[in-house]
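Based on the hints, put chain B in the right spot on chain A.
Protein chains: 2
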Amino acid sequence: MAQARKRVVIVGGGFAGLNAAKVLGNLPELELVLVDRRNYHLFQPLLYQVAMAGLSPADIARPIRTLLSGHRNLRVIQGQVDGIDVCARKVSGDFGQLDYDYLLLATGAQHAYFGNEAWEPHAPGLKTLEQATEIRRRVLTAFEKAERTDDPEERKRQLTFAIVGGGPTGVELAGAIGEMSRFTLARDFRNVDPKLTRVILIEAGERILPSFDAAMTARATRDLETLGVQVWTRSRVTSIDDEGLSVGEERLATATVLWAAGVRASGLGEQLPAERDRVGRVKVEGDLSIAGHPEVFVLGDLALVLDHDGKPLPGVAPVALQQGRHVGRLIESELKGKARAPFRYLDKGQMATIGRSRAIVDAPGLRLRGWLAWAAWLLIHIYYLSGFRNRLLVLIQWAFSYVTFGRGARLIVEKGWRSYPDDEPGSKDEAA
Amino acid sequence: MAQARKRVVIVGGGFAGLNAAKVLGNLPELELVLVDRRNYHLFQPLLYQVAMAGLSPADIARPIRTLLSGHRNLRVIQGQVDGIDVCARKVSGDFGQLDYDYLLLATGAQHAYFGNEAWEPHAPGLKTLEQATEIRRRVLTAFEKAERTDDPEERKRQLTFAIVGGGPTGVELAGAIGEMSRFTLARDFRNVDPKLTRVILIEAGERILPSFDAAMTARATRDLETLGVQVWTRSRVTSIDDEGLSVGEERLATATVLWAAGVRASGLGEQLPAERDRVGRVKVEGDLSIAGHPEVFVLGDLALVLDHDGKPLPGVAPVALQQGRHVGRLIESELKGKARAPFRYLDKGQMATIGRSRAIVDAPGLRLRGWLAWAAWLLIHIYYLSGFRNRLLVLIQWAFSYVTFGRGARLIVEKGWRSYPDDEPGSKDEAA
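Each protein sequence line maps, in turn, to chains A and B. Our numbering applies: residue 592 is where the first sequence begins, and numbers increase by one. Our numbering applies: residue 592 is where the second sequence begins, and numbers increase by one.
Source of the hints: derived by calculation from the structure; they are not laboratory data. Treat the hints with care, since some could be wrong.
Since the list can't tell identical chains apart, any single copy or any two copies may satisfy a pair.
Taking lysine-lysine and the DSS-like style, the derived pairs with C-alpha atoms no more than 27 Å apart in a straight line are [claimed, not checked]: (1) K874 <-> K747; (2) K939 <-> K597; (3) K939 <-> K613; (4) K597 <-> K902; (5) K597 <-> K736; (6) K681 <-> K736; (7) K681 <-> K786; (8) K613 <-> K927; (9) K736 <-> K874; (10) K874 <-> K929; (11) K613 <-> K736; (12) K902 <-> K874; (13) K736 <-> K939.
For reference, chain A alone in the conformation it holds in the complex (with noise of 0.2 Å):
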């Protein structure tokens, strides 16, 4: 006795799960199931802003059930899923079972240290709202100490960033640290001289930006310079610890380590009868299902896809938001006896920031550098905050900070609430 409308189950409210259920919420002859453990979708693209108080949080979340709130056929659970039950369809966690006639896994992925997972106290990643919050407090932290030490040891170490991995995310970070600390933070200290401020971006790999065009490397990396961020290529980081962190034999005394180096796709994918590649990423058919299971799909940066190179297609907002559309689409299709189309994406180029006037676009028929690309970054960004209420809210809040070089959110907030932790854990900062 099947029930009386399909029910589909999406696990993850980002960019790909949203998609999809915008595209199945118009559906009534199904019922649709959506659960997050966050109750907001995140802008992910904008987080590195966050983290450097150029905005707030709530200025890129939204809650999901908000944006959703127009289908009628759609309920949204708050929660945590930790088990998959490909044979009987159903999906468990701290919300009870819920069974499935399709399955949607979006959940992601998270920064990794690769076997050095004691770094992470020393060397916060970017991928939440929480670590971006973190982020902002060690840095603005720092240069309070350097304002405050007379060790001018002491204060040089403060006054150094080191930002490991130079891929987008590291060359956002590093940019917004050179800039804030040559113009923002200059006219508010006294002590503090901001041509002592050091920042660092490390790179493993031959050059950053290593998915864009060489020449476009070469002018990101001029446009870096400018800033005062000192780039270091074929620079491999052996060690992390309170002090600093070592790169081969070279030590740099450093208070403030940021983490761009790597990521890791959720761990719920290991639940699913299907090949993972070696940072856990789901192998998927032409279609986006798991081979034996046309029923489950995994979208988004779980998901292992290939382009016609025969390259996986990177962990992006546009590749996860066109597969969440693919698939919801591919349902609306299959009810209707229709056979399933695979999956293509439409790559629309990469671009990064630098700063608060120059970036990289690499497009398809389309290069820009500096100003321009900046714009360009801009307005893209803005117009993909759709949905979002805040569009005119950030757009006013960038402008603000165009003009003043002032940065809106530059608010150290501590982790604990009480006014009375001696027994709260948590309350101590455990890395500074």
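Okay, now just chain B, sitting in the frame of chain A:
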């Protein structure tokens, strides 16, 4: 051998400290040091809006350095003062030692449980940004849990909110939760019936808002009831635990208790050779200095100042602001050889807001209720956000909220930031 320039040390960057610094920062013959353990000044009158997801922390907080960056004779130190030696004229803390010629102590107050400190994990107060974020997390999580559960008793418990304390903060919190459940959230949930949401405001005294006229209290009670808030007066809470609270024999099952029932002055007052009242406020002379030490001033919520009726001045922003300016000007006159003037509080009235379109205003010669009072409340608060670049942003955000009934900052942000939290204290919620 005297110092070349007299040094004024201000401890605390709230309304009192900040406004004293603004006056004294214009006197190049002084050396000014402001110490605060936070890097920001907080606009506390709007803190409940952060707790209720209407505003983001950065909307109501600005770096102290930025607010005072125009004053070149001023140094800001982020640090914790823990010792005061009034004989040697020194303050000490994690930043080292500082000599002073004048000391201004304005470290404010924190919420207090008066012997029931064990209640704190179950009933957070609202004095800091961290506490506001924690309250936001609890309130929003309660709705998520109510949506998720199938147990009607548990759903009822999650949808019951108790606010202890019927002063302006308690009234504002109760009104905002009532409104949020009836308007904002009603559209986004599927299982939760907003009519089931109970908000109970518990006051031990005869009536809520005792500092207002009795007719105003009646109006505010009516306004609260319109928003679904039940007002329990003459009700003393006798216990608070994981499952709810007790008022004498009566038991209330609730998942969320908020504490707005009392504050205690900052502990730093204990280091002064001066009398204190039962909530720790320091008794001061007419000029706000302490007896026997004309060079030591106590201001803001930490000071006990009586009005002409012999009642203590309330712990509100206008009192602190006027005291800061007073002491600033007093030192300025004294440097010119003039005698000290006593502090006189110019009472411009008081106000409380209830939901999104009602308030009460009680000012000399002016009593307003309903919509007009709310408009006055809004204008005055936006005016006093002055020095804040965000004034326009706050206005736009409120305009949006007003039109859409939305709440821009409905994020449940966790406490821990690490992806590998096995060994991280504080990533678990100790109360829920």
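Taking the hints in turn, this is what the structure says about them:
In this assembly of identical chains, the alpha carbons of K874 and K747 never lie at most 27 Å apart, being 47 Å within a copy and 44 Å across copies at closest. Taking identical chains as interchangeable, the C-alpha atoms of K939 and K597 are never at most 27 Å apart, the minima being 34 Å within one chain and 64 Å between chains. In the homo-oligomer, the alpha carbons of K939 and K613 lie at most 27 Å apart inside one protomer (22 Å), although the nearest pairing across protomers, at 52 Å, exceeds that limit. For the identical chains of this complex, K597 and K902 are neighbours neither inside a copy (35 Å) nor across copies (69 Å), given an alpha-carbon limit of 27 Å.
Taking CA atoms no more than 27 Å apart as the test, K597 paired with K736 passes between copies only; the shortest distance there is 25 Å, against 58 Å inside one copy. In the homo-oligomer, the alpha carbons of K681 and K736 lie at most 27 Å apart only across protomers (21 Å), although the nearest pairing inside one protomer, at 52 Å, exceeds that limit. Proximity of K681 and K786 under a CA criterion of 27 Å is satisfied in neither setting, with 58 Å inside one chain copy and 33 Å between copies. Taking CA atoms no more than 27 Å apart as the test, K613 paired with K927 passes inside one copy only; the shortest distance there is 18 Å, against 71 Å between copies.
In the homo-oligomer, the alpha carbons of K736 and K874 never lie at most 27 Å apart, since the shortest distance is 47 Å inside one protomer and 35 Å across protomers. Proximity of K874 and K929 under a CA criterion of 27 Å is satisfied intra-copy only: 24 Å inside one chain copy versus 82 Å between copies. Taking the shortest alpha-carbon separations for K613 and K736, only the inter-copy value of 24 Å comes in at or below 27 Å, while the best intra-copy value is 47 Å. Taking the shortest Cα distances, K902 and K874 sit within 27 Å of each other inside one copy (13 Å), while across copies they are farther apart (73 Å).
Neither within a single protomer nor between protomers do K736 and K939 lie at most 27 Å apart by alpha-carbon distance, with minima of 44 Å and 40 Å respectively.
Checked against the numbered hints above, the structure breaks hints 1, 2, 4, 7, 9, 13 and satisfies the rest.
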